[in-house]
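In order, the protein sequences belong to chains A and B.
FYI, the numbering for the first sequence is 1 to 293, going by our numbering.
FYI, the numbering for the second sequence is 1 to 467, going by our numbering.
FYI, nobody ran anything at the bench for these hints, they're computed from the structure.
Some hints here could point you the wrong way.
Straight-line Cα separation of at most 25 Å, DMTMM-like style, residue types lysine to aspartate or glutamate; simulated pairs [as the list claims (entries may be wrong)]: (1) B:K434 / A:E79; (2) B:K412 / A:E284; (3) B:K248 / A:E230; (4) B:K434 / A:D86; (5) A:K112 / A:D86; (6) B:K254 / A:D226; (7) A:K14 / B:D424.
Here the structure is a predicted model, which is why all the values come from computation and not from measurement.
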Amino acid sequence: MRRTMLFLPGNSPKMIVNGGVLGSDSIIFDLEDAVAPDEKDAARLLVKEALKNLDFGKCEIIVRINSLDTEFWEEDIEEIIPLKPDVIMPTKVSGAEYIRRLDEKMSEVEKKHSIEQGSIKLIPLLETACGIENAYEIARASSRMAALYLGAEDLTADLRCARTKEGKEIEYARTRLVCAARAAGIEVYDTPFTDVDDMEGLEKDTRHAKALGFTGKAVINPRHVDCVNEIFSPTEAEIEYAREVIEAIEQGKKEGRGAVSLRGKMIDAPIVERAKNVLSAAEEISGGAPCRN
Amino acid sequence: MQKLVKDIKTAIEKCGLQDGMCIGFHHHLRGGDYVLNMVMEQIAELGIKDLTINASSIHESHTPLIEHMKNGTVTGLVTAYIGPTVGKAVSQGVLKNPVVFQTHGYRPAGMAKGEYRPDISFIAAPSSDPMGNCTGKIGKSACGSLGYAFSDAEYAGKVVVITDNLVDYPLTQYSISETSVDYVVKVDEIGDPKGIVSGTTRMPRNPVSLKIAQQAAKAIDASGLLKDGFSFQTGAGGASLATAAYLKDIMLEKEIKGSYALGGITGYLVEMLEAGCFQAIQDVQCFDLKAVQSIRDNPCHAEISAAHYASPDAKSSAASSLDVVVLGATEIDVDFNVNVHTDSNGYIMGGSGGHSDVAQEAKMTIIVAPLLRTRYAVVKKHVKCISTPGDSVDILVTEYGICVNPKREDLKQRLTEAGLLVVDIHDLQKKAEKITGIPEEPEEKESRVVAEVMYRDGSIIDRIYQV
Chain A
1 MRRTMLFLPG NSPKMIVNGG VLGSDSIIFD LEDAVAPDEK DAARLLVKEA
51 LKNLDFGKCE IIVRINSLDT EFWEEDIEEI IPLKPDVIMP TKVSGAEYIR
101 RLDEKMSEVE KKHSIEQGSI KLIPLLETAC GIENAYEIAR ASSRMAALYL
151 GAEDLTADLR CARTKEGKEI EYARTRLVCA ARAAGIEVYD TPFTDVDDME
201 GLEKDTRHAK ALGFTGKAVI NPRHVDCVNE IFSPTEAEIE YAREVIEAIE
251 QGKKEGRGAV SLRGKMIDAP IVERAKNVLS AAEEISGGAP CRN
Chain B
1 MQKLVKDIKT AIEKCGLQDG MCIGFHHHLR GGDYVLNMVM EQIAELGIKD
51 LTINASSIHE SHTPLIEHMK NGTVTGLVTA YIGPTVGKAV SQGVLKNPVV
101 FQTHGYRPAG MAKGEYRPDI SFIAAPSSDP MGNCTGKIGK SACGSLGYAF
151 SDAEYAGKVV VITDNLVDYP LTQYSISETS VDYVVKVDEI GDPKGIVSGT
201 TRMPRNPVSL KIAQQAAKAI DASGLLKDGF SFQTGAGGAS LATAAYLKDI
251 MLEKEIKGSY ALGGITGYLV EMLEAGCFQA IQDVQCFDLK AVQSIRDNPC
301 HAEISAAHYA SPDAKSSAAS SLDVVVLGAT EIDVDFNVNV HTDSNGYIMG
351 GSGGHSDVAQ EAKMTIIVAP LLRTRYAVVK KHVKCISTPG DSVDILVTEY
401 GICVNPKRED LKQRLTEAGL LVVDIHDLQK KAEKITGIPE EPEEKESRVV
451 AEVMYRDGSI IDRIYQV
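When you get a sec, could you build the whole thing from the sequences and use the hints?
In structure tokens, the structure reads:
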């Protein structure tokens, strides 16, 4: 379950050491934008040592690497893959070819270090007009693909429009990404809300993302974690309804009924699937979602 | 009767200060205090030696004291707290006799028994009339409560009030009455307002502090103590302060009407009072302008003396009715002993203040601390100095979970049932050690004791050695 993905600058030991206790489901160690070019090697070294020596509990570990048009990405892969992070997050992903090139390099390093081929997943950051337009192709470009992730800051620069809190300018990108990811059968994550002090704005933005179909949202400040987690967690009413759905289906099976209805509505396969997802998320949260508490 | 004298030197002479005597100061002007330095400068000029200072705390503004220690003007110090600069000098052996670290609660109890009773106390007063009726609530150097000065007024042989705001007789809203005062001195400034109280005490932004605070507030909620009539104390530092903010939300949501907030008071506790979370504040010291304004204007915000706050010999004290206190720690060990006196290099950089007083008295004592501070472990096998014994600490809240003192199985059960993450303190200590390694211990000269830590029952519970 990935409701929140928290960014931590790869060159900040103080932030990294606390990564596992800030409440997010995933942590993204950033080797890209948060790190100045002359500190890339220091950040890589620090993240490597952190992955080797620190305990991040059950938090999913994601490493955001430098874009394939930089001189840093290959070394990022060579140094980080041996530490077996859960996910690599490539940046400025423009098309399927980009992913295939990266996939090849990852496989090469996995093989060299006797790591199961394809075990390290990908969540590409789509933050260019090209990336958005090619979203479906990207989503299907590798078996490693776990989700798509929208980056609105670079995207709006590419679109030559202003980035606003209301976010009308990224509405197309948001819905397109959700559609592409769902069509490919993978998850989809929303861009962070960047005003760290505007908690009301954060809540509104997050509710909107959930309403569009996003699975979760990236956050750039630990203070945003709780709000986003809460919104992307199933509500009591949702959990109750899901339980009723499953019970009704089971009861229907026992009675040999083909069609089952609940609260006056027919229950079809997607409703059952959604109910299962809700219950599984609820179980994971109550079972001590790793970084909570 | 003429109490007003022309300057500090005259007051010292009239009081008959002699070599070997004890003199008293309070610390309500905190890092902005000029009075201790002005008095000591005059004493040094008069050539008086071998004095013991009994000051409720020593702050960073008091660094000239180091010189007076070096030249023998001051040879003894009794206090509840020493800031890092003077603390380091003391740790290096600058003072002839060991410092006696008392607690804020023991200071008045000790004075009542004649221990380190000042021959003369110098009371910095933000406003006074010429007969010595004085207060901290008004004046350009207003500091709010004068709680720690009450025992000086009561027990010192002679009492000198030093003010920068002389008002007409009689000052009716006084804290300390003229009945205790021998002399009054008017000076230009008793302190720097910027150092006396901060403008506003800001909520910390550090995510780890906030996480700890949030868990501490949840632990209070789960403890069974958070109900109507609840009483509460918290410190003004990072996670302690933030705990009050989270607690306020819980109290408002559950419509809990507390009894009182206690201690050093910040604007956050004032906000809780004004929001109806408490019916009163009992204030021994103000930390910010909002607290000063509140103690002046709000009749539910009461000034109390150090004895009323936490004297172990009082028939009752505000501390003795306290439900929950949230305190910090420089170090805490697997037996829950807390060090707030020395840093990782063994240098003195603090003191108990009222830490061990309220820890012993409160029904639940919570220590809030991160597992690590920069490259040092906070949770250790053994603390370098025991300031507050572990048997008076109930829980430790860190960003990695909550540790419950084994003597509080009842509490452990309540926290676990509430879904809070309860962890073994030994596991946390090992986790910290795994990250930091085992640091080399600083070299201490065990032959030379530079300070003794006196518990609130008057016994010496630890010694601090020269570094």
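- Measure nothing beyond the straight line between the CA atoms of A:K14 and B:D424; if it is 25 Å or shorter, mark the hint as holding. Cα-Cα ~24 Å, so holds.
- Taking only the CA atoms, is the gap from B:K412 to A:E284 under or equal to 25 Å? holds, 24 Å
- Query: Does the alpha-carbon distance linking B:K254 and A:D226 stay inside the 25 Å limit?
  - Reply: holds, 20 Å
- Message: A:K112 and A:D86 were given as a pair; does the straight-line alpha-carbon distance stay at or below 25 Å?
- Response: holds, 18 Å
- Query: Does the alpha-carbon distance linking B:K248 and A:E230 stay inside the 25 Å limit?
  - Reply: Since the Cα atoms of B:K248 and A:E230 sit roughly 20 Å apart, the hinted pair holds (cutoff 25 Å).
- Query: Is the hinted pair B:K434 and A:E79 satisfied, with a Cα-Cα distance of at most 25 Å?
  - Reply: holds, 23 Å
- Message: Run the distance test for B:K434 versus A:D86: straight-line Cα separation, threshold 25 Å.
- Response: It holds: about 23 Å lies between the C-alpha atoms, which stays within 25 Å.
The earlier numbered hints are all upheld by this structure, with none contradicted.
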